[in-house]
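Student: Residues per chain, in single letters:
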Amino acid sequence: MIAPNRAADLPDEQRIVITGLGLTAPNGNDWDSYRQALLEKRSGVKPYEIRYFGKTLAGICDFEQTRYQTRKDLRRGTRAGSVGVYCANEAIKHSGIDWENTNKSRVGIYVGVTEHGNVETENEIHVIKGFDYDTSCWSHHHNPRTVANNPAGEIALNMGITGPHYTIGAACAAGNAGIIQGAQMLRLGECDLAIAGGTSESIHTFGIFASFNSQNALATHEDPEKASRPFDVDRNGIVVAEGGCLYTLERLSDAKARGAEIYGELVGYAINTDATDFVLPNPERQAECIRMALDRAGLEPEHIDIVSTHATGTSSGDSQECIALRDVFGQSQHTRINNTKSYIGHAMGAAGSLELAGNLPSFKDKTVHPTINVDQVDPDCHLEGLVINDPQEGQRVDYILNNSFGMLGINSVVIISRF
Amino acid sequence: MTPAEIRDEILDILEDISPDEDLENLDDEKAFRDQLELDSMDFLDIVMELRKRHRVQIPEEDYGNLASMHSTVTYLEPKMKDI
Numbered sequence: 135m136i137a138p139n140r141a142a143d144l145p146d147e148q149r150i151v152i153t154g155l156g157l158t159a160p161n162g163n164d165w166d167s168y169r170q171a172l173l174e175k176r177s178g179v180k181p182y183e184i185r186y187f188g189k190t191l192a193g194i195c196d197f198e199q200t201r202y203q204t205r206k207d208l209r210r211g212t213r214a215g216s217v218g219v220y221c222a223n224e225a226i227k228h229s230g231i232d233w234e235n236t237n238k239s240r241v242g243i244y245v246g247v248t249e250h251g252n253v254e255t256e257n258e259i260h261v262i263k264g265f266d267y268d269t270s271c272w273s274h275h276h277n278p279r280t281v282a283n284n285p286a287g288e289i290a291l292n293m294g295i296t297g298p299h300y301t302i303g304a305a306c307a308a309g310n311a312g313i314i315q316g317a318q319m320l321r322l323g324e325c326d327l328a329i330a331g332g333t334s335e336s337i338h339t340f341g342i343f344a345s346f347n348s349q350n351a352l353a354t355h356e357d358p359e360k361a362s363r364p365f366d367v368d369r370n371g372i373v374v375a376e377g378g379c380l381y382t383l384e385r386l387s388d389a390k391a392r393g394a395e396i397y398g399e400l401v402g403y404a405i406n407t408d409a410t411d412f413v414l415p416n417p418e419r420q421a422e423c424i425r426m427a428l429d430r431a432g433l434e435p436e437h438i439d440i441v442s443t444h445a446t447g448t449s450s451g452d453s454q455e456c457i458a459l460r461d462v463f464g465q466s467q468h469t470r471i472n473n474t475k476s477y478i479g480h481a482m483g484a485a486g487s488l489e490l491a492g493n494l495p496s497f498k499d500k501t502v503h504p505t506i507n508v509d510q511v512d513p514d515c516h517l518e519g520l521v522i523n524d525p526q527e528g529q530r531v532d533y534i535l536n537n538s539f540g541m542l543g544i545n546s547v548v549i550i551s552r553f
Numbered sequence: 003m004t005p006a007e008i009r010d011e012i013l014d015i016l017e018d019i020s021p022d023e024d025l026e027n028l029d030d031e032k033a034f035r036d037q038l039e040l041d042s043m044d045f046l047d048i049v050m051e052l053r054k055r056h057r058v059q060i061p062e063e064d065y066g067n068l069a070s071m072h073s074t075v076t077y078l079e080p081k082m083k084d085i
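Read top to bottom, the protein sequences are chains A and B.
Residues in the first sequence are numbered from 135 upward in steps of one, following our numbering.
Residues in the second sequence are numbered from 3 upward in steps of one, following our numbering.
If we strip away everything but chain A, and leave its shape as in the complex, we get (with noise of 0.2 Å):
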């Protein structure tokens, strides 16, 4: 039988749900392939090479981009936008809402970034280089494709909604913000579906290379598919991804109303900040804010089946999770814990949003998906109930944490409860 939480407790018209979501990620294209390669240990780190920087690694997506924009739209457009657009018209179609009579001005969008602009900006430099810095032949494309707001704004263009569209910008806790953010929309009322998650095109900026390269914490490795390693002792570094993950949210009135699938409720979240340093992690302040979620879902640590970590392969990084893991669930012994970007890299602004999406499928199939590439654990990343190299089957699963954390001491948590 499930725990009891607190969400249980409140009017339908105040509890969150998920009713559908689309994503591309480096492995799949929708939200069953993605889940079959997780399970199947399928990487989608690949070789990759971008202007000035180099031959390097990257998770690159293959989705299709003329599925819902027209070849002038996306030369108009950004890739985080194309990213998005793809995501909210997959989302859409997937939650099985009547989309042609819905009323677009009560749909919100609130896409989690962790950058956005770096790609154009570095464009037309590298143009007006050309014209010896002629700035006249600089784009007046330039922009409207580098507003904060533009990867939610032309999924507003591209679906005729009207409603409120902007970017949360939260480093890597992203994706995480952008379903806290939507879920709070929904519950002033200011929308009645929310399409919220994160997006990243990042992999198109030779500069977020460039500056992990220069902090010593770029993944190298022989073998592209190896090289993102969380908890491996010799892990060396960040693998940059592209991809994106939107939910469609909705109040459980609502999607009870017109008969939805529900995937799962957002029964606790919580987002603080370490303020001690622009890129060390605090696992004082991370404990902190995963027991923040925890309260206010009403749930103790045991009551978690998957916590899905944000590990991203550093060496600093993942020990200072892992202390913050072990002070709050360390005397869980039930709870299992994963990483997801050992398969597709760190999708920035997308990661929080397309973590959780690979393990909801847990409530179904009841199997945790390993985290990959860890041939021998770093001491400093010990961890219970970590799931290593191979996926663990036959567990119930009613809650999964998710955690996402980012550059500035940023810290997100959500934890979905099985419906």
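Treat each hint with caution, since some may be false.
Calculated cross-link-like contacts (lysine-lysine; reagent style DSS-like; alpha-carbon spacing at most 27 Å) [stated by the list, open to error]:
id, chain 1, residue 1, chain 2, residue 2
1, A, K238, A, K227
2, A, K175, A, K206
3, B, K81, B, K54
4, A, K175, A, K390
5, A, K263, B, K81
6, B, K54, A, K263
7, A, K206, B, K83
8, A, K360, A, K175
9, A, K227, A, K390
10, A, K189, A, K175
11, A, K263, A, K189
12, B, K54, A, K206
Source of the hints: derived by calculation from the structure; they are not laboratory data.
Quick caveat, the model's predicted, so the values are computed rather than measured.
Chain A is already provided as a structure; the job is to place chain B on it using the hints.
Tutor: Same frame as chain A, now just chain B:
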């Protein structure tokens, strides 16, 4: 460039700007906007491409000359004849 070459160049730019459009049956006498889905940002793309490709500068007050293929070629002919 000859008028025919200028026309080809404009067609090439239009193919970039409007990759989904059929340009084969373009009527040179009719306004672009009556035949193609072009907005003001697209017309700025024509101006920008001419600047980048040929260093041709088109002042804003002359944008009206870019209404149709015929008017565009006529307008550009003296500016591009020595290219």
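Student: Would the pair A:K360 and A:K175 pass a check requiring their Cα atoms to be no farther apart than 27 Å?
Tutor: 11 Å, holds
Student: Against the 27 Å threshold, does the CA-CA distance of A:K206 and B:K83 hold or violate the hint?
Tutor: 31 Å, violated
Student: Take the C-alpha atoms of A:K175 and A:K390, compute the straight-line distance between them, and say whether it is at most 27 Å.
Tutor: Violated - the C-alpha atoms of A:K390 and A:K175 are around 36 Å apart, more than 27 Å.
Student: For the pair we were handed, B:K54 and A:K206, check the Cα-Cα distance against 27 Å.
Tutor: Roughly 20 Å between the alpha carbons, so the hint for B:K54 and A:K206 holds.
Student: Is A:K263 close enough to A:K189, meaning Cα to Cα at most 27 Å?
Tutor: 22 Å, holds
Student: Can you confirm whether the C-alpha distance between B:K81 and B:K54 stays at or below 27 Å?
Tutor: Cα-Cα ~14 Å, so holds.
Student: Hinted pair, alpha-carbon criterion (27 Å max): A:K189, A:K175. Please report holds or violated.
Tutor: 25 Å, holds
Student: Given the hint that A:K238 pairs with A:K227, test it: the Cα-Cα distance must not exceed 27 Å.
Tutor: Measuring from Cα to Cα gives roughly 15 Å; hence the hint holds.
Student: Against the 27 Å threshold, does the CA-CA distance of A:K227 and A:K390 hold or violate the hint?
Tutor: 18 Å, holds
Student: Run the distance test for B:K54 versus A:K263: straight-line Cα separation, threshold 27 Å.
Tutor: 12 Å, holds
Student: A:K263 and B:K81: Cα distance at most 27 Å?
Tutor: 25 Å, holds
Student: Given the hinted pair A:K175 and A:K206, is their alpha-carbon gap at most 27 Å?
Tutor: 37 Å, violated
The structure does not agree with the numbered hints 2, 4 and 7 stated previously, though it agrees with the rest.
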